[in-house]
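Assemble chain B onto chain A, guided by the hints.
Line by line, the protein sequences give chains A and B.
The opening position of the first sequence corresponds to residue 1 in the numbering used here, with each subsequent residue numbered one higher.
The opening position of the second sequence corresponds to residue 1 in the numbering used here, with each subsequent residue numbered one higher.
To be clear, the hints were calculated from the coordinates, so they are not data collected in a lab.
It is possible that some hints are incorrect.
Chain copies aren't distinguished; within one or between two, either way the pair holds.
[Said to hold, decoys possible] In silico lysine-lysine, BS3-like type, Cα no more than 27 Å apart, as pairs:
hint, residue 1, residue 2
1, K42, K381
2, K346, K304
3, K377, K313
Number of protein chains: 2
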Amino acid sequence: MAAPSRTSVATARVEPRLTQPAYAVILAGGSGTRFWPASRQKRPKQLLAIAPGRDETLIAGAVRRLAPLCPPERVLIATGQHLRAATAQALPTLPESAFLGEPMPKNTAPCIAWATLKIALKDPRAVVIVVSSDQHIEDEPALLDALRRAAAQAEQGHIVTLGIQPTRPETGYGYLKQGAETEPGVHVVERFVEKPDAETAKSYLSRGGYFWNAGIFVFRADVMLEAVARHMPDLAAHLEELRRTLETAPEREAQATEALFAAAPAISIDYAIMEREPDLRMIACDPGWSDLGSWQAVWELSPKDAQGNATPKDSVLIDASGNLVVDLSRGGEGKQPKVFALLGVKDLCVIHADDAVLVLPRSEAQAVRDIVEQLNKRGRKDLF
Amino acid sequence: MAAPSRTSVATARVEPRLTQPAYAVILAGGSGTRFWPASRQKRPKQLLAIAPGRDETLIAGAVRRLAPLCPPERVLIATGQHLRAATAQALPTLPESAFLGEPMPKNTAPCIAWATLKIALKDPRAVVIVVSSDQHIEDEPALLDALRRAAAQAEQGHIVTLGIQPTRPETGYGYLKQGAETEPGVHVVERFVEKPDAETAKSYLSRGGYFWNAGIFVFRADVMLEAVARHMPDLAAHLEELRRTLETAPEREAQATEALFAAAPAISIDYAIMEREPDLRMIACDPGWSDLGSWQAVWELSPKDAQGNATPKDSVLIDASGNLVVDLSRGGEGKQPKVFALLGVKDLCVIHADDAVLVLPRSEAQAVRDIVEQLNKRGRKDLF
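Isolated chain A (complex conformation):
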């Protein structure tokens, strides 16, 4: 059962052209512990430069990637208040106004609705592209191509999501079931599918027509606000109140925003809106997308030697295979990078930070959480 090749997705189509640049809403609220000792509460995954071969933080990569569609003045970064400063520091080219600090975490629906309102106040018919800040894209032109086509659909009033061509029977992602084709390369989303078991994931891959849900959405601001009004009337009422506040007493914005979030349910945009939209559209693509979910994913994407080792250059590897070595303290304090010597070991992760060293089998990469939990129990808040 070979995975479909990347080119199989391409279909004949007319090249779309946007009438104006789009807005980007980049979701950067995640904290995440799966990349300890790299990730910390105040330095979550999106602020790490862990994408193999890229010397930029994941969030900087997200902004850079979208730049051909969304110029800096049209980028909004939605993050937690406590991460706002660190996030702004990671994105020095963005204006201060680009950073939206959520008063409290309420999952993605309230946050996206809020950001969409802010955009709608400038231009109700603006096209908005929502992406995560902590994903990896191998084939950036393929992503941009799909987003351009999605934006063209959005301009016509559709809410569009990208469907990522699966390349393996992944059980860690949700899937989109592709429905009828509405025009070349554009399909209705028949339904959202929860993370499947291994058997089901295999059948999705062999049957075709199932795509990974990467949480990438494209819509016109006014269209989304109407959808919010349909599916989340309470939230819509609070949004309306915030709009009035901004028009009549803008100095009370923070207060009104806080009220909005306090009242909002903590719910994802998928559950609250997308799954309920009968005519959601999907553009299939294969941009080499990864959610970089663990050190295992970093190893998978990294360039490797013939023995499958992904290590800093100058490493000494003797009878070693399948290992991942990451040196987070590289280049610190003008010192020479550390040399890593691995002998007689297989499929290990060795992660070196200034204050911690992690060693575990790649197959246990998800268990990094347990370590952070241990540190928490010991009160070592300095370490996570």
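Frame of chain A; chain B shown alone:
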């Protein structure tokens, strides 16, 4: 086949008393690569504080241990010229004159003969204790007791060696075959035995009467110089020349010493003299001796948790067993010690230095040499 217990060595005897303090000749010429990344050419094993639970370098431990028998003014440290400064720095309580820099490495026989001559010039009948600088002794009173008895034998004109009670069928050491008992607790050495194979080592342990050769010798200076004259007449002639130089033109000492070493064969005291002495005496003892030959030996001697992990405190260990973690950069630069997190790994060595990190299975500890060889090939002399 249980190993003989430590107490079985004790035999009835009269407590000896030395007529005067002994001299110590501490051999510190070794370079050794088996403790990389801790050991380096300019920081060999004896200059490392790797003895578990001891906060001193191995060589400082050797000097401290012998102090009840050999006061500082009677301690000679024989080391290479290139290590002389670093060695002196590690032993600040010793006078400058304690350090003998060998002009070139010629194994132990020339070096011991030379040091013995220096002592004989002060007191021909002085008792000399020769020990290595890089060994570990668990039961120091037991060692001192054996050395006192050996010194008493030496005063009577015997050359004496300590025989270490074997506690396992070790194939990495040479053995001494115990011969006839000359008086309680003192035996003739019947013969020296090369490193045995596993089968032979097992039979030594079960038959008894075989002891590890730890290279610890005790003799009177004049007696050793006579033995050198018997077995190494050429070296004896050069020693005689050096003696004359010291008496008539002491300013030419360096030159004469260099000539001595240049002419000397590179040969161990065991081969050159001890094995040829028909009446060599042996005192058996069980001082918890280890030559600390590798990281494996450090693990063996280290205090361990219930899962057999020997790690810095504050380590996070989840489903981890039998691991050794050593942080050589601990306490550096006033920083908090690094936290080591090991999850799902077994029987590994993780050694962290300022400029290198080593990961390998304990069972491969001897292969550290291969790593140093690799670094050598790459011209990374900064790292070994």
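Do the hints match the structure? See the list:
1. K42 to K381: within (11 Å within a copy, 39 Å between copies)
2. K346 to K304: both (14 Å within a copy, 25 Å between copies)
3. K377 to K313: So K377 and K313 pass the 27 Å test across copies only (16 Å; inside, 36 Å).
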